[in-house]
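Engineer: Sequence:
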Amino acid sequence: MSYLDKRANGVLMHISSLPGKFGIGTLGKNAYKFVDYLKSAKQTYWQILPICPTSYGDSPYQSFSTFAGNPYFIDFEILENEGFLSKEDYSDVNWGSTESYVDYGLLYVERHKIFAKIQKKFEQNVPSDFNDFCCKNAFWLEDYSLFMAIKDAHGGISFSEWESDIKLREPAAMKKWAKKESGRIQYYKILQYLFYKQWFNLKNYANQNGIKIIGDIPIYVAADSSDVWSSPKNFALDDKMQPIEVAGCPPDAFSADGQLWGNPVYNWDYMKEQNYDWWKKRISESLKIYDVIRIDHFRGFEAYYCIPFGSVNAKEGQWRPGPGNDLFKSIKNEFGDLNIIAEDLGFLTEGVHQLLRDVGFPGMKILQFAFDSREQSDYLPYKYTPNSVVYTGTHDNDTILGWCKTANPDDVAFAKKFLRTDTDDGLRKEMMIAAMASISNTSIICIQDLIGVGSEARTNIPSTVGNNWKWRATEDQLKPEIFDFLKYYTELYGRV
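Residue numbers (the working numbering): 2 to 497.
If you're looking for bench data, these hints aren't it; they were derived computationally from the structure. Take the hints with a grain of salt, since some may be wrong.
[To be verified] Calculated pairs, SDA-like style, for lysine to any residue (alpha carbon to alpha carbon, straight line, at most 25 Å): (1) Lys418 <-> Ala438; (2) Lys30 <-> Gln120; (3) Lys282 <-> Ser232; (4) Lys213 <-> Gly337; (5) Lys180 <-> Glu162; (6) Lys118 <-> Ser92; (7) Lys152 <-> Ala237; (8) Lys181 <-> Asp166.
Can you build the whole structure from these sequences, using the hints too?
Structural biologist: Right, here's the structure in full:
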């Protein structure tokens, strides 16, 4: 039986949003403490966002590698205990003016100074399992480490602007750069070793305490990534490694220009010829890292919207057929039945609904979408089916208290009427309760809604850059009473 067939509850909180003193949430003591909180509240799931290294815009959905881990999450106190740092190496660093928001500019500068000190001590006493780690992960680690080293040598510019020989991975250039940047290549391998050691220790602790990790994999990869550079035939690129078409969403009621994501779209014909090998590797690694996988933008497997490269908005794109169930049949033949959540939001056709029925994965229900005062919504709780996952909101939504201020007042009034409350805070609580009371097998509560914070705590505003992915909880906000609330309704509605 799939985990997702049983009634259960969980909390959505990304690693970066954990409290702590070092600029961003880490895999250290506050992550373990959060597992303890979840266990005390009789939770089953901790859901996070992608854990890969962030690139331009700081988004976990735009990464330098779909396989690598984010070195920002490496915990310094753990490394101090292991002898790779001294307290003086990191304790007096200025990480920004507030613990409530990540300062990515400071983080980039200061973390890499500390990482350089880690490398020096690491190379003086290399762990016995380091080479084994490098060998087991060589299929992605070699390309990623070389990619990042060359990128650093070029001042961080996109690989599409590199010299032609290395951009096109000519053997002589690859050999030259591997020799020239051997120290920096080792630097990135060390960071990945440390990240994954800390990650798997945390995951094992969570699993031992009855908490399963729901991880998130974006459907697409970033244009400027080791994935594209090392496997260009998987993507719709021209002979200069530039995308021919990029991904996005067409204009709708929320965005007159649509959404221009800029990720290169896949060459699905080539991927099929290769028996979807790249996707199988991606799923295989994700199954090691997570207990349950949420696949972002699932509708793109049925049909995907592509926009000519160089467009200023998403108005001129067109839909093309995706791989459909052929991909998932191939994946299931390899791995058997999987614990996968399909993010089936957005413009959905009957073809998307049929694909979801064919694969059998639970889709998502978002309570904030339920209360459209103009028409009856499919997201009203009495329309759910057990094979679904209900959320109060996602990382792309405002918090409930923020939604009360920014949404159509008629929608908010309808929500309060439906959920029998007169106040914004009452609506916050009743929306969480409605999720847990629903027939959906799985319900997930956003940590911001559990804490009770407004738009200042919103994780992301789609199609904007500069102020996203920054919010962090403080230790004071993670109070026992919020987990008592969670435990009470988890037990009441049979989700233990």
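Engineer: Each hint should be assessed against the structure and marked as holding or not.
Structural biologist: Comparing the hints with the structure gives:
no., hint, in the structure
1, Lys418 <-> Ala438, "holds (17 Å)"
2, Lys30 <-> Gln120, "holds (23 Å)"
3, Lys282 <-> Ser232, "holds (13 Å)"
4, Lys213 <-> Gly337, "holds (19 Å)"
5, Lys180 <-> Glu162, "holds (21 Å)"
6, Lys118 <-> Ser92, "holds (14 Å)"
7, Lys152 <-> Ala237, "holds (22 Å)"
8, Lys181 <-> Asp166, "holds (15 Å)"
Checked against the numbered hints above, the structure breaks none of them.
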